[in-house]
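Here the protein sequences come in this chain order: P and D.
Residue 1 is where the first sequence starts when you use the working numbering, and the numbers rise one by one after that.
Residue 10001 is where the second sequence starts when you use the working numbering, and the numbers rise one by one after that.
Derived from the structure by calculation, the hints contain no laboratory data.
Just so you know, not all the hints are guaranteed correct.
No more than 25 Å apart at the CA atoms, straight line, and that leaves these computed lysine-lysine pairs for PhoX-like [what the hints assert, rightly or not]:
{"#": "1", "chain 1": "P", "residue 1": "K1015", "chain 2": "D", "residue 2": "K10029"}
{"#": "2", "chain 1": "P", "residue 1": "K788", "chain 2": "P", "residue 2": "K776"}
{"#": "3", "chain 1": "P", "residue 1": "K154", "chain 2": "D", "residue 2": "K10069"}
{"#": "4", "chain 1": "D", "residue 1": "K10119", "chain 2": "P", "residue 2": "K286"}
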Amino acid sequence: MVTPIFIIATGLGLAFALGFIPKKHINLTGILSFLGLAFMTFISGQWLFSYLGNNELSQFIFTAGARPPFAIALKMGQAEAMITLLINVVGLLSAVFLYDKLKQIGRNAFIIYLVLIMALNVIVMTRDLFNLFVFLEITSIATAGLMLLDSNLKTLSAGFKYLLATSLIAGVFLIGTIFIYSFGGSLFIDDLTAIGMAPLKAVSVAVFLLMISIILELKPFPANGWGLDVYQTANPGISSVISGGTATAMLFALYKIMPLSTMQSYDILIWVGLITFLGSNLMGLKQSDARRLLGYSSIGQIGLMISIIGMKPYIQFDIQIILLAILITHLMAKAGFFWLTGIVGNTDISKWGMIRKHPEMLFLMGTFVFALIGFPPFPSFFGKWQLIMELSSSGHFLWIGLILLGSLIEAVYLFRWLGYAIKKETATQSSIDIRPHKTLPTIIFAVFLYGVGYLASFWFPMGGSINWLPLAFIAILFALDFLPAWIKNIISIAGLSYYAYQIIPEQEGLYLIFAFIFLIGGILTLIPGFTNKGKRIGFYPVAMMMFVGMGMLIEAQSMLEFFFGWELMTAGSYFLIIRGHRSMPHALSYMLFSLGGAYLIFAAFGIAFAGSGNFLMSGLSTMGGLGGIAYTLLAIGFMTKTASLGLHIWLPGAHAEAESDVSPMVSAILLKAGVLGLIITFMAMGGPNNEYTTLPYVLGWLGAITALVGNLAAAFQEDAKRLLAYSSIGQLGYILFALAMMTHLGWLTGIGYSLSHFAYKAILFMGIGAVVLRLKTHNMFEMGGMIKKMPFTFIAVLMGIITLAGIPPLIGFAGKWLFYNAIIEKGWYFQGTIIFFAGIIAFLYCFRILYAVFLGQLKDEHRNVKEAPIWYLIPQYLLLLSIMIFSAKPEWIFQPLGSMLAPIFPQGQLVWNEGGTAFSDIGYWNGSWVMYIIGIMFVMIFAWLFIQNRKPKKVKQFNIVYAGEKPERPETTHMAYNMYSGYNKALGFITANGITTFWNWISEHVTAMGDSLRKIYSGNGQTYVFHIILFVIIVYLFSNGGF
Amino acid sequence: MEIFQLEYITLITGGLLVLTGLWGIISQKNLIRMVIGFSLFDTGLHVIMISIGYIRNGTAPILDKAVDKVNAAGQIVDPLPQALVLTAIVIGLGVTALMLAYVVRLHKEKGSLNITNFKDLKW
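Chain D extracted, bound-state conformation (with noise of 0.2 Å):
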């Protein structure tokens, strides 16, 4: 069954991670499980990068004995994504880490973490 390869594996629970860090987002009330949710969408789309770049029965990316240099792209797993990977996963960080400051600071202007309690602007 193809659809039990490795690289569709990755990408459908991506997929899944996404969807279910969207469903967080919407769904939960609480600030932090909502900055989870985000969480776990920003670690869907992590994996399904991987996925991508991913090479049936390739090896790491590291030109040495086992690649042969001139077919090494057909040998090898794409590096590219690996490495955009890191990027995002600390872009990732970033904001994430950002997100809770500010739920402390919501947290302690208001006593609150519930998000249907900050609806001061509207209309």
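Isolated chain P (complex conformation) (with noise of 0.2 Å):
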């Protein structure tokens, strides 16, 4: 093997040889290059190779033969290995990145190049501290040197600051060295350690000051202005080097000198680390440059891993494995996001829709921002999964609760900033930059992402057990996305249908709803795609991504893959919704309000790891003590999905705008997560005698008051799908509040309604969807008429609407029975009373849609429309025909959902008799008997008005009178227009905007503090040498409580 100080010598021999190679040669020059970062790279990967699978010795190197401090020592174990490869390729990648800017520079660029990575691989392996204070002062020369690249006054000014900074941060760490010497006698870290000298108050300080300057060489909040403006002025070539290699160089030195301190330094690593994490995060919540904005970002990133160094005393698990796999995103993300600006050419993020143009670039920007935040399959995911898990296990909830707040933020300025590179129009013409030495190295990262994200799967407990089938059919997806849709669609659906064909037969219970509800469907939501011409490039895989990661619910036994598929079906969830037309500020809403749910979930698959000590998903109902806030930090999370009150104002935008045949997807379907969620939730707090009482209590009462304030809302709408967005609300609040009843028939009732909700708000929004595609226009006072036009729209939309209203003799009225029943039972009647008033108000929006777009007069200019698409039709048809059969014979599905229920809720079971009479305590019922009776009468009802009417006096269109005066808004007139005005001004205070007014303020105050906070980056370079000092002092008075 070859011995790790050739790394050196090539880096350093090289850069001496390339001098005496004339300014003529400069391809030889930038060959030799190449040739000498692959062999550095080359020399720690058959390293780290070596260390495969077996444990072998980490082999010391003393260079002339004698222990430091005499000599340098180096060591080669699996980490420095591992790290030096990683850096190594950051370095190799780079130099391609730069290729054409190294080459004009000459070879200088090439020199200080070399000097720079092999600096970075000397940090990693020297064991002397002597040593590592040469190599900290190399580096910060030769990241000065490489600002140079673009020379302007911003990088000039940005490296003079950079220079200032750093070497007095080096010299701070040459007094803790020479101090460190003078008590210890030696510079080698190793015997240092063996001396164990910490307890000595003089060398407390030493080794502090060696502590404190490697954390300013990470650029922890506030020491760190000089780092931000590096960042934003060094070309992206280099800024990937700073972020990638030389913050992992440095995180290496750092763990690598804390056994030299006491256990007080860790406590200093956690609160610096979080204190950056979370004010970097809030700080670049108003940033608008690309650069500076990743800066803030990666300094944010690099605070967390500098916490998770301190938190090692506290942690079980391989501290190194978290690490490695939070450090891995972070490098290969960053490091591409960098080079993807320089790629994309603008710094400007509101003008990044630039990159649109090129479709994979955008999924380089999508996967690099999903990475950061730790989304499956990213490395990351199960690294943050694994820290969030030891941490509660440990009782440290603070901790986690800043961890996940951090993340949160950081989601909202990298997702708003992905939103502008999907949606936002841009006026510049200007192309991106992809010339193949330029996109290469930042494909490689991507790709490695994904390649990393699976092998870590297996680096942690449970991990292995997730099924990367399905995400593979995701990925050939992506592969494929050059066909025409109808084969991708084609393609999909028997996906799909396979998914289903392995999944749905092996479960039992109420999973087998649930999962018939996602996967089959996915499949009948997926049909109306077949009328789209083109590509529609990108459609399939996000589409997939969602209902894979919901068939992950289903099939997952433990909480990661649940949390695995939760995050996989918010993301895809998110592509699905942002393709809309008006959709980037729902999607961005949407996806916050998905994160911080989810993000409550983790906490409180924490407590439940904490408390059962494995991660099963039975784990859940074995919380510790915990019980009250776990449960609740669950529900709230899965309430973020179902849109309940308060959490519910993404909702109307997110499902109005989306495209017609997506409102079906993310509101019949994916709603339902979130009660699967809550079902899970009220399953593991132990059914219906249990301990917890007051939350199911609240969260009746929310559902209720959800469900008026959704009905209501529903009603007053002009938009014919925000409506419909607004009525399954009001629809998922009284799932929820039947739920909350823990009662036998208040479960039938919930999951019947949910069964329900899915056909008929499926059914609704694929008619009113394809009405909107012929009619082009959501406004329901410019529609109308469409009876005659599109009949068998009609006939669907109408068996919907007398569905949803309850109305006999179909099964929406069985659920109204059944839910009076539970209620009475229950003795909820003041929330009763409510749901009640709730179903009334229903009736006027059901109504509406119905009078508004199908009734009344035809526009003039839609003389010409046609009926809706076949595939629309096909799966309208086939729920309808499902609502039909349950409706007829009720006791198909109650019977059996009854019996799933009983051994949760024994008590207060429906009985049924061989006729289908169903009898609960306080009435009875039969489905087919009230199907025949109503049949009955509309038959007789009808025929006698066919007889009375048979010569009607139709009103033309333009029969009315304006009183000579020609209205100046036509659309005043209409009688759809502001239909319900005289309720609107009588109770429309309950749906005013309160809750958006709410959320609007937190993040204008939120965003308002991190501006206020970035002001101390004044730009003067003194400011931030004071900044340091103060920081020095002020940690080390925090960590000795005083002098």
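Since each chain comes alone in its own frame, lean on the hints to assemble the complex.
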């Protein structure tokens, strides 16, 4: 094997040798530099390879054959091999990215670059403190030199500040080193650790100086203005080396010297790191410069890793693995992201719409954003998972809260940026720079991220049980995205059918119901996709991502798998939602509410892990003493998906603006994932007679009020799809209320509602979606008379409305009958009244949508409108058929449902007789007979009307009198416009935007806080030096409780 | 008075130099004066390093007649800090040179040496 000293020899020797190559042979210089970097990469790679699978002892290399301090000692162990490999790979790829720039500057640029990468390797390998100082300085000199690749006033002033700051920091390190030598008599880290001299006060000050200077090199908040400037102004190729390479080396140096210090110092790292993570992300909120924003994000993530190093004493799991998972993700995603800013060229994030012309570049950006936030399948997902679980089991909930809060804030600006790139209109015509030497490194790191994510899953407990096959299917769909939409639709339906075939037969009980809604529903809602001409770039992979995520919720045996599926579903649905016409802000708020909810669920899973000691879903019922908190967190988390009142503001926009066939997916199906979550929560709480009585009671009220507000708001909408969206909020309120009753009948109602809401909301959204598709407007007052043009759609929508409104004879009536039985039995009369009232209000919007869209006058411009596409009608009628069957034979669904619930709720079951009559304690009901009687009544009344009104006088469209005046806005004369203005005056205050205002207030204040915080970065280099000095003093005072 | 022993004098002088240098970096608006401040800071560090290795009444670290080879450690000044200082001086020189090069470039770009004029990057 090649000894690691050759890494130094290659870097340094080549740097010297390049000086002898004449300037005109710049290509030769370039090739030699690449070969050198590749050789360095090879050396660390082969060492890593040799350590894989066997616990070979780390190699120490004593240069000049003596121990430090008389000669330098290097160490090459598994960790060193891994870290140097990462650094060298970043170095090599960044050199490829920078090739034309380096060539333009000439051979000196290559020389400095080689020295920088070599220096970073030494920082990792050296075990000698003074040597560490030397290479800290070399790193800072080389970096300052490379800053000049783009030489302008900004880079110059940033470079000067950087040089000043890092030299001072290295000076602090030097003082620490020399005093350590004075007390310990050695500079060899391992010898010093062996002596164990930490208790001495003077020594602890010296070690503190070492530690604080390495921390300062990692740019802690707020002593990091100089670092931000560098990230902003350096060439993106250099920024990626700083963020990926330098920070990695410094983190390792910190990790290396920590054994010298006391336990107390670990707490310093935790707090410095967490404050940096939070503060840096907070200040990023207002930033609009792409590279400075990435700087904030880098500093934040590195802060997180500093704190993880500090958490070592509190974590039983191997901290190196957690760190590695997060480090690799950060390194690759951040380096890739910096390169991407070089490819796009424009540093204003609101101008990033220009990246859309190249979907593959947009794909890379999406990959990096999701990786940085810690979504599956990226390594950081698993790292963060294990970290939170470990912190939870050692009881450090405050740290968990800060980590999750910081991640959420980071998500705000990264997803806002991604939204700009996907959706925001840009005026600039300039194109992006996609020369291969720029795109290749970026693509390689994106691919690595997926690959390492797969590998990383095996580093953690239970990670190996994740089913990667469906993810491979999604990857294939991405690869096949060049095919026409209809082929991909067939592939997707086939894939989903196979997945359903695999999963559904294995399910039983309530999971079976939800597996059916998620997967069969997925297949049905994919069918309308056949109407799409062209390629529909990017649609199918993300739709599959959502459905596969939901499938994983069903499959999940462990909390890890569940959370994996949950996050995958969130990612997929985010992309589906943002595809809509004006969806950019709605997709962002959807994402933030979902992530916020997911983090609450995450924290609750942590509590469950602490309580039960394992990752199984069954652990959710063993919460230790913290059940009340954990179940509340779970309930709130899942309610972000069911859009309960207070957490619902994302839904109307997201569902209404989505594409016609996406709305049913996200409304009829996706919301049920939240319902499943609530059911899991309630079951974990321990069935009907559990100790947690307050939570269901509060949720019951919340459900009732949600139903009222949702239904009322639906009645006041002008936009047909918004009406349906608000109606979903109301309906999910019913479901929440029903489940919260925690009785047999309550759950029968809730789950029955989930099924029927799936069916009728899919029908309604597909029907209205088809109308919107044909008429190209969402406004109901611009519609009318569609009954003649789209009769099949009308019938489907009418049946859907009858089901929704709970009018006999359809299954919705069965739901209502059960509901009132359950309410009376439970004795929740006040809430029940609200629910009852909400049910009446539902008639308002049910009538409005039927009347305004289908009845009334046909508009002149709609004379040539055709019936909905057949691909929309097929799934509607399939669903309608099932509604009809179950309406006639409700025992076919409610009887098995009842027996599924019997083990959980043995009390108060329905009793069914042979003829299909259901008996509750207070009444009975027979679905078939209701059907027959209503059918006969319908026929009779229809016949009577037919005979009576054989010659009705039809009102023509222009048979109207304006009393001599032409209305300024003609739509105001339309009956459907502001239809319920009277009710609005009376009750509108209930639907006032108080909650939206509340969330806006929060976001404004958080942003304003970040904005005022960042004012400390005045731009003055002296201020930054002062920050550094102050930082050292303050941290010292805090850690020692005074001098 | 023990405080007037050579090692303490050098140590205190070094410390004062470090503080003076820091003060210069923070308070002086002229870029060149700031670099001089850094230079003082650096020199202060070197003096401190030398003082650490000093052994009272010790001789130069050369093994000759004057030094008993067996008890050398007690008789000679520790040579290691001196060796380290050489390296540190060289590095300090490099850093100072690069800083000055930056100052020249900054002056060319903006025609000013006042640090408060270079605040284009902030927040």
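Comparing the hints with the structure gives:
Pair hint K1015 of chain P plus K10029 of chain D holds up; C-alpha atoms about 21 Å apart against a cutoff of 25 Å. A hinted pair counts as satisfied when its Cα atoms are at most 25 Å apart, and K788 of chain P with K776 of chain P qualifies at roughly 18 Å. Under the criterion of a C-alpha separation no larger than 25 Å, the hint pairing K154 of chain P with K10069 of chain D is inconsistent with the structure, at around 59 Å. A C-alpha spacing of about 19 Å is found between K10119 of chain D and K286 of chain P, which places the hinted pair at or below 25 Å, so the restraint holds.
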